[in-house]
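Top to bottom, those sequences are chains A and B. Residue numbering for the first sequence follows this note's numbering, starting at 1 and increasing by one per position. Residue numbering for the second sequence follows this note's numbering, starting at 506 and increasing by one per position.
For the record, the hints were derived by calculation from the structure and aren't laboratory data. Just so you know, these numbers come straight off a predicted model, no measurement behind them. Relax, there's no trap hidden among the hints.
Calculated pairs, EDC-like style, for lysine to aspartate or glutamate (alpha carbon to alpha carbon, straight line, at most 20 Å): (1) B:Lys739 to A:Asp365; (2) A:Lys399 to B:Glu752; (3) A:Lys157 to A:Asp115; (4) B:Lys546 to B:Glu837; (5) A:Lys399 to B:Asp517; (6) B:Lys739 to A:Asp376; (7) A:Lys267 to B:Glu752.
These stretches of chain A come out as covered by chain B in the derived footprint (C-beta under 8 Å, 3 or more residues): (8) 322-329; (9) 340-348; (10) 357-371.
With beta-carbon atoms standing in for the labels, derived distance ranges: (11) A:Glu447 to B:Phe815: 43 to 51 Å; (12) B:Ser714 to A:Asp365: 50 to 58 Å; (13) B:Ser549 to A:Gly103: 54 to 62 Å; (14) B:Ala616 to A:Ser419: 52 to 60 Å.
C-beta: ideal position from N, C-alpha, C; glycine also.
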Amino acid sequence: MTPAIELINIDKRFGAVHANNNVSLSIAAGSIHGIIGENGAGKSTLMSILFGFYRADKGEIKVRGQVAHIRSSTDAIAVGIGMVHQHFMLVEPFTVLENIILGAEGGRLIGPALDKARAALKKLAQEYQLDVDPDAIVGELPVGLQQRVEILKALYKGADVLILDEPTGVLTPDEADHLFRILKQLRDQGKTVLLITHKLREIMAITDRVSVMRRGEMVADFETAKTNVGELAEAMVGRRVLLRVEKTKATPGEVVLDVRGLTWRDKKNIPRVDDVSFTVRKGEIVGIAGVSGNGQSELLDVITGIARATSGQVLFKGEDVGAIDSAAILRAKGMAHVPEDRQHRGLITSFSAAESAILGYQRNDKLGKGFRLNYDAVVNQTRKQMEEFDVRPADPLLKSAKFSGGNQQKIILAREIGSNPDLLIVGQPTRGVDIGAIEFIHRRLIELRDQGKAILLVSVELDEIRSLSDRILVMFAGRMMGERPPSADEREIGLLMAGVAREAA
Amino acid sequence: MTSRSDLPRWVDIGLIPALNLVIAFMMAALVVLLIGENPFKALSILLGQPLFSLQGWCNILYYATNFIFTGLCVAVAFHAGLFNIGGEGQAYVAGLGAATPGLFVGAALAAFLPNALSQPLTLLICLLCSFMIGGLWGLFPGYLQAKRGSHIVITTIMLNFIAASLMQYMINRVYRPLGMQAVESRAVNDAYILNLREIGRAFGAKLPSTPLTPVIFIALIAAFAVWYLLWRSKLGYEIRTVGANPEAAIYAGISPPRIIMITMMISGGLAGLLAFHEVLGTQHRLVLEYVQGAGFVGIAVALMGRSHPFGIVLAALLFGLLTEGGTQLSFEIQSISKDLIVVIQGLVVLFMGALEQAFHPWLQRYFRQEG
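Isolated chain A, as found in the complex (with noise of 0.2 Å):
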């Protein structure tokens, strides 16, 4: 049988980022197929280009056998291509009608078009169990429901493949499992679902095979039948070569970071972060383990004062700093953060690195009296923290944006370390960051904690958090999973991550 969808040798580079690096994918007719893999690896990326948001460097897309030339959403739909996005691209003052004749409204009246879709939409809703109130505005629907509206666009224009990108994201479990149940309708009705994820148990519930992509490439395939979490968990991480960091035992002291019960719900009142317990000594580094996206910015945001906790506490030296919702006052108190996200938060690439080299201790009287700025001294203290980070090139008057993300990330780290914190949370130390960088910093990683300073740590790369942590905590969707010592089995670890609980590991 042909397949529905061939994608052959597609290569797309963005500047020096490779997003996809000769990907070839091939899905069958009739099918869910579920495309996995870590955010960054180049899902979105290869989605955008089969719906001709981006045009492929390299290769060729073949829909139904035929070479297709899609350079526009439009050419996508007219080969019956439909995709459901991330974001809704829905009109929230209209109604669901009028949504669904958008882009397909067929003459300059609007009127016909709004009659024919409403019995297409009628019988839609039979066929498919879609039912939606056809007149009612998409704004003030639940998020489920305007969901399915973007599904009934897409089917309404004749779409026989329908790309789902993170369909889950933004449900309730409820609604996914309704989503899931449609899902299947559609196929079992002969149409061909993609399925965009980064959640494992997705793929297992609903796909009939998975593809799984990494740092650009298509690394696995199977047929999910003859797979389990475990391994595709395995092949999404990846083995890396494991960088062994010379390291003596942790000798734990007194309780520096103590998190109880803590709760973050985002604004549509989903929990990010979900009834959090744990603490971190001195003189260890606790690593958080798990697949991007469980809620570990989001517990990192709330532990260093950025967001603050729907409930639960957060005790720092004992004291209470669960409700300080700025990180100055933590900075103050002795928590120093290296955020995850380097060039948004952790510098400002426009300013030099010594401008950055302050950033969150701008206040420190050591960099001025009162009101004064004393730029002399900023630039003194970012020359020395160059010196003894190894930044390079050691000009503290060069804007951050010209140094490589290994330097950039040294910068910060000189910042952070430089402060003498009590407590250092550091959010992917070393991603994107050259090999020579990784080592370095993870040595500095491992010399602060035999100072005696108390570090969490929180990585995708499972790698590192062996190699680092003293003890290894495993979050998944919001929750902790478990805790694990680093000597644990590399698979007990995935399956955790890939939320799979203890009693059935």
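Based on these hints, arrange chain B on the given structure of chain A.
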């Protein structure tokens, strides 16, 4: 506004403004041609008359004084990522701050202090009040932006109209003495800034008639103060951080709403200093519409000066020259009105703001081998 380019610095701060200016001039020449006049003759009058007379230079500096204040007003807000279009209104309302102490406090001080002491003291109070009232008029949209998310461009534009109506009311109903025909306050004699001609007369020198006053030095001090604030103070660092990357600011523990409000207060205050200059130095009374569009020229000045105080002083001089030259031009060539200068200003704003990036790819290609 921080530069977003990878171009050599001199290109960014020198060549691009110069290029934009040349093109604005060329377009203006086209307009002159359409009117049916000789653009070269117009240019020679526009530049020649002011540049080759002492009076011309004095008038350039007089205009520049106002433009430095309003240019700084726009630039400070720019650095926090805010586009303050309300300089006009802020400068206008600040007239209340400039005139009121001069009208009432001055007389009280003069009653028991010698004139040589009461005048400077009153002027100082007027200066502070001008800054504060202008600042409050800027703080208001700042608050709306910070706490309510109302876009500052919209609110500052609307507040310009409100300022105009408010001042019309205040001058007509509150400040105008009973029985006076002209819509203006009584003369502010207790806070009187002498102009250059009057100062010269005191020393027996005969200087040309010009509204130029020593307030130009206050403008230069303000330019230095803004530089110091932005690049040598902790507050300035936080202002620039919020402007460059609000997310990084929150990470650093800086509260963007707080910074937005403080910045808008400083920005409005700087515009308010124009009132000090005009009300006490030129008009010597509160009159209608003394700002005369200087608040809007400030936008062009800030854009042209790349939001740097030094650049702003230069750009203010340039616009001072254009304003003075434009006045001369409208005397000499009847068919050209002073509004031609507004056309040039508009073109500069268009090229510096909206089309700032127009030459960018081209220049970048040209300078790549250097970088």
